Amino acid sequence: MSVKHEGIEYPCALGTWFSTIGNGPCPDVGMWMVEPDLDDHGDRIMDIIHIDSILPFYVNKLGTWSDEPPMHTWQQLGSFGTWWVQMWEWLWAQWRAKMIQAVRILEGACAQLCVMLARPNHTTVNVFETNCLHVALSLKTPDILQEKPEGMHLTEISKHSGVEQDKLARILRYLASNHCFREAQRTADPIWGPSYAPEHTAWNKFSKQPQSIYTSWQTPEACARGERFGLAMLGWGNTIDGSAIATGYPWQDLGKGATVCDLGSGVGTMTMELARVHPQLQLKLQDMPERMVQAKNTIWLAQCPEALEENHIEFKAINFFTESPIPGCDVYYLKNILHNWPDAECITILKGVKKSMKPGSRVLIHEYILQSRVRAAATESNFMQAPELLLANYGIGKLQQYNLDLTMLVLCNSKERTLQEFASLGEAAGLRFERLWELGELAAVEFRL
Numbered sequence: 011m012s013v014k015h016e017g018i019e020y021p022c023a024l025g026t027w028f029s030t031i032g033n034g035p036c037p038d039v040g041m042w043m044v045e046p047d048l049d050d051h052g053d054r055i056m057d058i059i060h061i062d063s064i065l066p067f068y069v070n071k072l073g074t075w076s077d078e079p080p081m082h083t084w085q086q087l088g089s090f091g092t093w094w095v096q097m098w099e100w101l102w103a104q105w106r107a108k109m110i111q112a113v114r115i116l117e118g119a120c121a122q123l124c125v126m127l128a129r130p131n132h133t134t135v136n137v138f139e140t141n142c143l144h145v146a147l148s149l150k151t152p153d154i155l156q157e158k159p160e161g162m163h164l165t166e167i168s169k170h171s172g173v174e175q176d177k178l179a180r181i182l183r184y185l186a187s188n189h190c191f192r193e194a195q196r197t198a199d200p201i202w203g204p205s206y207a208p209e210h211t212a213w214n215k216f217s218k219q220p221q222s223i224y225t226s227w228q229t230p231e232a233c234a235r236g237e238r239f240g241l242a243m244l245g246w247g248n249t250i251d252g253s254a255i256a257t258g259y260p261w262q263d264l265g266k267g268a269t270v271c272d273l274g275s276g277v278g279t280m281t282m283e284l285a286r287v288h289p290q291l292q293l294k295l296q297d298m299p300e301r302m303v304q305a306k307n308t309i310w311l312a313q314c315p316e317a318l319e320e321n322h323i324e325f326k327a328i329n330f331f332t333e334s335p336i337p338g339c340d341v342y343y344l345k346n347i348l349h350n351w352p353d354a355e356c357i358t359i360l361k362g363v364k365k366s367m368k369p370g371s372r373v374l375i376h377e378y379i380l381q382s383r384v385r386a387a388a389t390e391s392n393f394m395q396a397p398e399l400l401l402a403n404y405g406i407g408k409l410q411q412y413n414l415d416l417t418m419l420v421l422c423n424s425k426e427r428t429l430q431e432f433a434s435l436g437e438a439a440g441l442r443f444e445r446l447w448e449l450g451e452l453a454a455v456e457f458r459l
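In our numbering, the protein residues as written are 11 to 459.
To be clear, the hints were calculated from the coordinates, so they are not data collected in a lab.
All of these numbers come straight from a predicted model, not from anything done at the bench.
Treat each hint with caution, since some may be false.
Derived DEER-like restraints, expressed as beta-carbon distance ranges [to be verified]: (1) E166 / T308: 52 to 60 Å; (2) N248 / I336: 25 to 33 Å; (3) Y224 / D251: 22 to 30 Å; (4) R445 / H163: 28 to 36 Å.
In silico DSBU-like links for lysine-lysine, alpha-carbon gap of 35 Å or less [said to hold, decoys possible]: (5) K218 / K150; (6) K266 / K306; (7) K150 / K408; (8) K169 / K158; (9) K408 / K158.
Where is the CB? At the ideal position from N, CA and C, for every residue including glycine.
Based on the sequences and whatever the hints tell you, model everything.
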């Protein structure tokens, strides 16, 4: 199906849209509504199919129109008189109009497809793009790179800009995934600038608090925020499909009565899903005393009382910097824990876990795992890579992990990590990397003794 509008022919759905608009008043002044939920499959899927049919049509058209008419032809037409020049100018204008229209339609169709297909958190929490652009422009990063079109090592860029290397890398990494810069290869304040101490963060500067954000939530004046954060993690876990590990990891192979210690569990978001899917497991929740009281007396009592009634769950407070978790568990599970802490603190946590492990115990670290934008051979990559022509790490398709990386920098002076960085942490703690489990939005790194 195709429809003509203002002399231009549009295929499929776009033609349908123009035919419904007609020549009436501007539709922009009409009613507004929330975008329909992705669960409204019928019309939503048809819209996606229609938009998908637009893309190849205009990509082909763009290829046909991309060769500009040779300029010498324009100049030679002057010898045939003014009429020919005017005719050529008219043809040139028509060509440019078609090019502009094709690009406009492709931009709109691609953006609309992203809105239809992407998870809500991929489009509603992209708050760092303008901030990162502001930092890059303030540091004159494009001007620095312009001097070396072949590329410049991050160390040199850091020296020119005066910003600590790893912090600058994370800003450029975000912008590279947003197609502002290209990473060619893998790779401030005099006291606070180079510091990765949990109490030397942008959040500390803003809040004037002397301790880390998590420590501050244990104080009487801020404990309500800690409780609210615990509840927020229930919703956040659903948003990032955090419960995928309950079905994506072979828990059934552990056997009946196997023990799983959720270290730094909060109120037990993932463990609650594990209790529902695998009731044969014995679950141990360990976190700060305030979270354990909230989990046992409020959250689990309301949302998963059967686990309490059948004694499948145990709550035990812990300070994992000074104490080891419950000994002898089959699995020690840490979800979104290490990304809260700099490397030294992470190694301390993992060493404490190692002390409690028995032969056959395993450690599962469940977080975002940053994937390189540089394509590797299939035999060398631990991740599934995007098809050719796309960035190997899916670019904007995985931008959320870079948003969270910058969030952790601002709040905790910590980071999201690559697989190699996780492997290095495990090695420093005396643990052996076993394998990577890709689980949708997140992934799990497995270690053993």
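Which hints from the list above does the structure break, by number from lowest to highest?
none
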